[in-house]
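Asker: Based on the provided sequences and hints, a complete structural model is requested.
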Amino acid sequence: MGEDNDDYMLDELDNQEEEQEEEDEDILLANDHDENDSDADDGHQDITPFWNDIPHYEAVNEDYPHEDILDVEGLGRGPWARGDELYLKQEFESKNDLKASITHFCMKQHHEAQVFESTTSIYAMKCRNKEQGCQWRVRAIKPKYSNAWVVTKWVGDHSCVNQNLSQDHRQLDSETISQLILDMVKETPSVPVKLIQERVTGTYGYNVSYRKAWKGKQKAVAKIYGDWEESYALLPRWFEYMLKFAPGSIYHIQHEPYIVNRQVVNGVRVFQRTFWTFSQCRAAFQWCKPVIQVDGTHLYGKYKGTLLIATAQDGNNEILPIAFAIVESETKEAWEYFLASLRLYVTNTVGLCLISDRHISIISAVNNESLGWQPPNAYHVFCIRHVASNFNTRFKDQRLKKKLMRLGYVPSKIHFDQLYAEFCSYNDEVAAWIERIPKWQWCRSYDEDGRRYGHITTNLSESINKVFRGARNMPITSLVKCTYSRLVRYWVKRGTKAQQDALSGKLFSDVIGEVMTKNGERATSMRVREFDVARTTFEVDDLDDTYSVHLTQRRCQCGKFQAFKFPCSHVIAACSAVSLNAAQYVDPAFSIYHIMNVYSSSFQPIGSEQGIPPTSDPKLIPDQWKLHGKGWPRASRIRNEMDEVEVQPSSSRLRCGICGQFGHNRRSCPTRIAN
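Sequential numbering of the sequence shown, starting at 0, is according to the numbering used here.
The hints are simulated quantities; they were obtained by calculation from the structure and are not laboratory data.
You may find that some hints are simply not true.
Straight-line C-alpha distance at most 20 Å; calculated DMTMM-like pairs for lysine to aspartate or glutamate [said to hold, decoys possible]:
1. 143 with 130
2. 492 with 509
3. 505 with 317
4. 625 with 332
5. 125 with 96
6. 401 with 416
7. 401 with 421
8. 400 with 421
9. 243 with 586
10. 152 with 92
11. 625 with 228
What follows is a set of in silico ranges between Cβ atoms, one per label pair, in the way DEER data are often shown [what the hints assert, rightly or not]:
12. 395 with 498: 52 to 58 Å
13. 554 with 435: 36 to 42 Å
14. 413 with 580: 37 to 43 Å
15. 618 with 436: 58 to 64 Å
None of the values given here were measured: they were computed from a predicted structure.
Virtual Cβ for every residue (Gly too), placed ideally from N, Cα, C.
Answerer: Here it is as structure tokens:
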């Protein structure tokens with residue numbers, strides 16, 4: 000049965016997938032890790048304490064996909080950046096502003112200075128070439144009855160010649176960089192480290208190492224969003240405080256004993272994993288399409304970790320994150336933890352469709368029958384882009400990879416079978432590889448019950464990962480707060496739109512209305528023949544072929560009616576022929592009634608968090624082995640060719656003789672280092 004290649008999307012609800020399938024196949028997201036560097040800091044940082052209010056994520060340029068990181072501003076916009084000159088009687092609001100301004104001047108002049116007096120009321124620096132007779136110096140004091148610092152001595156001209164021009168500057172340490180980029184990071188926490196390097200070089204003419212720029216960024220994040228370590232301690236307290244404003248929300252934290260010299264330290268626990276979902280998300284999912292996409296993405300901050308997100312979609316094609324977890328990495332145990340919690344607290348119903356990539360850990364977790372992700376409770380299917388990428392890893396054939404992608408999108412089973420036979424005829428190895436994966440798990444035409452609602456990729460999850468790109472650079476509690484504030488924005492905007500649509504008399508979402516209109520226009524040129532007295536079985540002549548339609552079974556031979564859960568043009572033509580309203584065959588998830596109910600549970604403002612009460616529970620600390628180590632950063636990828644790499648078994652890893660843990664030896668044991 001022939002079918003034009005460009006006709007697949009004519010009757011399709013636009014999920015914004017197929018148009019991106021080529022350009023999005025191999026997306027790499029910059030990962031802000033670290034590099035070897037000998038950055039010497041004085042250890043002093045101005046950190047935002049968690050007992051004070053931390054900026055909400057609304058203050059961050061988080062809009063996706065319009066955020067252009069190349070246009071990020073903010074370098075050197077601090078209160079101390081007042082030009083390239085210092086002068087007598089110049090005033091500064093703080094000692095830090097004074098020091099930063101002197102550093103800025105020295106770097107611009109390509110000279111280095113050293114501190115020779117620093118007290119609570121005096122700060123003085125001189126040229127490092129003083130032994131050559133250079134008289135350059137600056138001195139400032141803090142008067143007794145003033146909070147400002149005033150320059151009282153200033154010899155601004157260097158009499159020495161700097162013969163050791165280098166690519167680095169002694170004053171350009173990570174603390175200085177953090178001051179330089181403070182506004183830059185506040186505007187866009189996901190600003191790449193390489194862009195920071197470029198801005199510093201362009202402004203001052205010095206090259207800074209990746210490691211130094213990375214450390215500067217982490218210090219800037221800490222200044223804005225709070226200390227990295229204290230953020231872990233605050234996490235359970237913030238969760239408990241949040242429950243007052245969102246009762247019915249769920250969170251839990253897994254932690255381990257803190258061991259020093261083989262002794263458990265009382266009152267301290269080491270963070271391992273956390274799961275959370277808000278009551279509004281739990282209620283909303285009952286009115287969404289019964290489809291869930293899951294994916295994981297790296298955290299970019301001071302400590303390693305992976306953010307797992309479960310994503311749903313409402314009837315207006317709006318993406319909706321419904322549950323989150325922060326875990327050590329994408330291990331089988333981590334995915335079991337997340338999927339078990341997701342099933343128990345959010346998706347406790349039957350007939351769900353779970354879409355993911357083919358990561359071995361996800362497959363292993365889903366195969367654990369005790370978690371409830373096996374039929375008939377749920378049906379695990381795969382993203383066609385990842386299946387095609389796995390195929391390309393094995394056969395290194397881009398032409399066949401594209402053919403496989405096309406197979407996944409074909410809605411007609413007859414047309415699919417023809418193309419599938421042609422694909423498998425390439426050679427026996429190709430046929431054997433693809434036949435190992437059941438067709439219903441990767442292609443649209445064999446999704447006979449329409450459980451996918453037309454979704455063939457994990458684009459929803461990957462898009463929401465990008466939405467939280469900035470948050471993944473933040474301390475853990477700030478990241479969790481970002482999920483709350485982002486969902487508030489979704490609820491207000493989309494709930495308002497749904498109410499307006501209901502008041503205007505709309506029955507279905509905008510996307511359904513538009514597609515149904517186009518399908519109706521196509522239906523006017525079709526010829527319909529009835530095949531039963533009940534007037535539910537038809538044969539419809541399209542421009543290129545003839546299709547059978549069965550209204551009671553909600554099936555059309557083109558495959559689109561059952562795949563997308565609303566009438567294709569052939570169904571509309573059949574309904575028109577017997578004076579039936581085709582709208583009755585639209586899935587309820589697309590109705591304005593359902594969409595309104597998705598956003599019917601409103602969020603409450605948390606307001607000032609200074610009222611978070613103290614706790615007698617053990618203090619939560621980060622796992623020091625999750626610190627981002629030295630070395631060039633790994634890329635955070637949307638997995639494709641690498642999905643089937645298996646985690647190295649623990650039996651082949653190092654085991655410590657002091658604490659008995661895997662991954663290090665006695666010499667590098669953190670308990671030994673701590674003591």
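Asker: Does each hint hold? Answer for all of them.
Answerer: Hints versus structure:
For the hint pairing residue 143 with residue 130, the CA-to-CA distance comes to about 34 Å; that exceeds 20 Å, so the pair is violated. For the hint linking residue 492 to residue 509, the alpha-carbon distance of about 15 Å falls within 20 Å, and the restraint holds. Of the pairs offered as hints, the one joining residue 505 and residue 317 holds, with about 17 Å between alpha carbons and a cut-off of 20 Å not exceeded. Only pairs whose Cα atoms come within 20 Å are accepted, and residue 625 paired with residue 332 is accepted, the gap being roughly 17 Å.
Simply put, residue 125 and residue 96 have alpha-carbon atoms about 18 Å apart, close enough for the 20 Å limit, and the pair holds. A hinted pair counts as satisfied when its Cα atoms are at most 20 Å apart, and residue 401 with residue 416 qualifies at roughly 17 Å. At most 20 Å may separate the alpha-carbon atoms for a hinted pair to count; residue 401 and residue 421 meet this at roughly 14 Å. With a C-alpha separation of about 14 Å, the suggested pair residue 400 and residue 421 falls inside the 20 Å cut-off, and the hint holds.
The suggested pairing of residue 243 with residue 586 is violated, with an alpha-carbon distance near 36 Å, which exceeds 20 Å. The hinted pair formed by residue 152 and residue 92 meets the criterion: a straight-line CA distance of about 18 Å does not exceed 20 Å. At most 20 Å may separate the alpha-carbon atoms for a hinted pair to count; residue 625 and residue 228 meet this at roughly 12 Å. Taking the beta carbon of each, residue 395 and residue 498 are about 53 Å apart, inside 52 to 58 Å as hinted.
Between residue 554 and residue 435 the beta carbon distance is about 28 Å. The supplied range of 36 to 42 Å is therefore violated. A beta carbon spacing of about 29 Å between residue 413 and residue 580 contradicts the range 37 to 43 Å that was offered as a hint. Taking the beta carbon of each, residue 618 and residue 436 are about 47 Å apart, not inside 58 to 64 Å as hinted.
The structure is inconsistent with the numbered hints 1, 9, 13, 14 and 15, although it conforms to all the rest.
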